Structure formats: C-alpha cells, structure tokens
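Residue numbers (this note's numbering), protein chains in the order written: chain A, 1 to 258; chain B, 1001 to 1198.
In short, the hints are calculated from the structure, not lab data.
Do not take every clue at face value.
Claimed, not checked - Taking lysine-lysine pairs in the DSS-like style, the calculated list, with each CA pair at most 25 Å apart, reads:
id	chain 1	residue 1	chain 2	residue 2
1	A	K236	A	K45
2	B	K1071	A	K119
3	A	K236	B	K1180
Remember, it's a predicted structure, so these values are computed and weren't measured experimentally.
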Amino acid sequence: MIMGLMAQSCFEYNPNQIILDDDEKNLTEKYVAEIQAKPAPDTIKMAFMGDTQRFYDEAELFVKDANKRDDITFIMHGGDISDFGLVKEFRWVHDIMSESKVPYLTAVGNHDLLANGKKVYREMYGDYNYTFTYGNYLFVILDTNSREYEFNGNIPDLNWLSARLEENTANRNVIVISHVPPYNSDFDDELEAEYASILANDPNVVLSLHAHEHSYLDEEVYGDGVRYFVTTTVNKEGYALLSLWDDGLSIERVKFDD
Amino acid sequence: MTSMKGIFIYLTVLVLSITSLQAQENDRKWYAPDHYKAQFAGNIGFLSVAAGYLHGMGKLETDLYGGFLPKAIGGDDIFTATLKSTYAPWSREINNTYSYKPFSVGLYLSYSFGSQFDTISPNEYPEGYYWWATSLRVGGFLGGSITKQLPNSNAFESMSLYYELGSYDLVFLSYIQNLKSIRIYDVVNLSIGVKMAL
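Could you build all of it, start to finish, from the sequences and the hints given here?
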C-alpha cells in the first residue's frame, strides 16, 4: 500500500488537475507516426472499439483479446475514453490501451469533454478534428459531440470536413470517424442533413463510423449509398474488426470472453 | 507567472486575516474559530487553509477550507471551497507537551470554481443525462495527528500535524466496479496538514 502510494505520485491537488507524464502527451501525433512508419499491408485491419468509460476491467479484456491476434494493424477508440472527464480516468485507459501490441488512436467522446476533460484530451491526444492517410485510405476524425457545445451550430465543423474531403485529390477511400452518429439526438439536428449530403456527394467516402450508442448498427441510414456503422462498447465484450483493401472493405463483429 | 502571483496574494490575504483575528483574541466572539489549519494536497487544492470549530466533546472538528491549485503545478488554476468534518475519538498523552490521536475518520464536500464545472445540469441536457455534478466532490478519509502544547505562545494553545489518506466518490466508484484492473492505491491519496489551536 505504502509502496503503491509512493510509486503513484501519492499527492493529488484536485480531481480536475491536469498533470501528465511527458510520454502521455501528444499521443495522436505519436501513434499516427508509428502507424505510418510501417508500409501499409494489402489489407489494413483496424479494430474499432469504444466507450471504455468506467469499464476498465473490460477494456483490459479487449486488449488481451486483441493481443492474441497478429493481424490487427491499429486500434481506433470511438470515444468516451473517460466517464467523468478526469485526468485519472484518461491515464488509466491509456495505461490499459498502451499494453496493446499496436498503436491506438481516438475520436473524442461527449464524456471526454466534461469538467476539465476538454483540456485533458487536447494535451494527451491533440486536436479533436484530425486526419491521416494510410495505404489507399484517408481517415477523417471529427468531433460530433454537439450537445457539449450547447448545439451552437459549429460542431461538427462541416466546413473543416468539406475542406479535408476536397484536399483528397489522390481519391483515396475516405472513412469518417466520430463518436456521435448523425441521427442521434446528441448530434446537432440542424447539421444532420448537411453531414449526410457531404458524405453522399463525395464518391470517395466509403464509411461513416461511430460509437456512443453501446450497441451495433450497420445500415445505409439515409438510403444514399453511404454505409453507417456503429460499434458496441467494450462493456459488452465486443468490438468491430474492419478489413480495408484497395477497392473494398468488410466488417466483422468480434466477441471476446470475460 | 500569474499563478505564482496569485498564490502570493492569496497567502498575504490569509496571513493578514489571521493576524487581524489574532488581535481580537482576548475578546473572542461566539463565532470566532477554535483553530486554523493549512493543508497540502488531498484533492482540495495544492494548498488550502481553513478556519474551524471543535465540538462533540472535543472529538469532532468542522472546518471550512479555501484551496488553490496554481496552473504551474496542476495544469489549471482552480480555486476550491471545502467543508470538512473530522472525528477523532481517542487522544493519548505522551507527556505534558505531546499527545496524539491515533485514528481519525472524516468526510468532505468540495466545490471547484470554474465555468467548466456544473452544479446543476445545464438546459441543453435531458434530465438525468449526467448524474453527477462536475463541480462537487464528496470524499472520505482516515488519518491521525500529533499535537504539541505551546505554553509559551500568546497566540496559540497548541500545534498539531495531521495526515489523511483519502479517496472521493467518482474514483472510488470506479475502483469498486473494476477490482481486477484498478488497485486501491490508485484511488487513495495522501495529504498532510498543520492545525493551530487558539
């Protein structure tokens, strides 16, 4: 107990303090670089999980399960890393996720923006909106937690999204990833139709990925040719495994044991 | 640098207020505190100071703390106000000068100031969307203290050093729901403080 207290910094000043080790900062940039350092395989395998909020035991089981496989290229966390927006929670989840053999990236969730969570996420991971390319794919990660901004009309930032899609002159396949799906009541009503049409009008967009709802959904929600997929929470011992090749993709639902 | 300046102003105001209260010590009002405390850490500030009362046959202390965490240390400037009660049922004398309380137990309610913290769920959320207040934390602790009598001091009767091992609602809940991955020392933190009794 005493040794444990000494090993952790045993003094805490406020639950909302933002005290991080150097290797707990700018994780998005670090992990994107790690992913891109290896040549893209013919088929990229992305494990898409999420909503680890207060489900640490289950998050650990997920990592153990993912580590048993040797085909996963990287992990995408769909958001709600934390439940209360506390730095302690973010660090616990990072401790667990960094045990995985492959890098993990995150989309910011509504719970991650609570209390000082906005600042914690920014310091630990980086920007809420970011993109990266790998193989023949452009991944666009977007903050869609409109309710946390009082539905101010700017979240999600659809101008930013359009600009990133326009930059895709190499015509890579595009996967847009965010926490809250557009039809959900936590997504700004006024921006839902525009989001859907931006995706539908870009022939490169192949998928809109989400978490938040704690259960799977796989549907062409707006009947416009864009596939929407929602992953489940680790608390239900599940995650999605996406296989992405040059001109196609498939999604498998994986169940891990408790 | 602004936060260091903040601490300096904070401490100056504190010292001045204590000094001015001391000047009135001879005709103490009913509401005058029985003691002052200063505490390091414990999730109620990097440094916090309190005025408090002794009651319950001298076994119960109730204190109101003002705390501050400067950005340079904690990543954000956060002021806190904390109401804390400490129950210490046993006091043992070592000699005429020293005594100790081997066991204390207590609870606190701490409020963090800041526009990013909510006490009542704002309008944009449906009822029960988030069930806790981000501004208010309830914590508990176990501890102990050692006291030295100060017969030669005009201002203070005694000085005590105390420690507390504490936890609080949100992380303790996380611990009991995740016994495999979170250990008890992940959710327990240490604080130390000094009490000056009038």
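Structure-based check of all given hints:
Straight-line distance between C-alpha atoms of A/K236 and A/K45 comes to about 21 Å, which keeps the hinted pair within the 25 Å bound. With a C-alpha separation of about 12 Å, the suggested pair B/K1071 and A/K119 falls inside the 25 Å cut-off, and the hint holds. At most 25 Å may separate the alpha-carbon atoms for a hinted pair to count; A/K236 and B/K1180 meet this at roughly 17 Å.
Comparing the model with each earlier hint shows no violations; every hint is respected.
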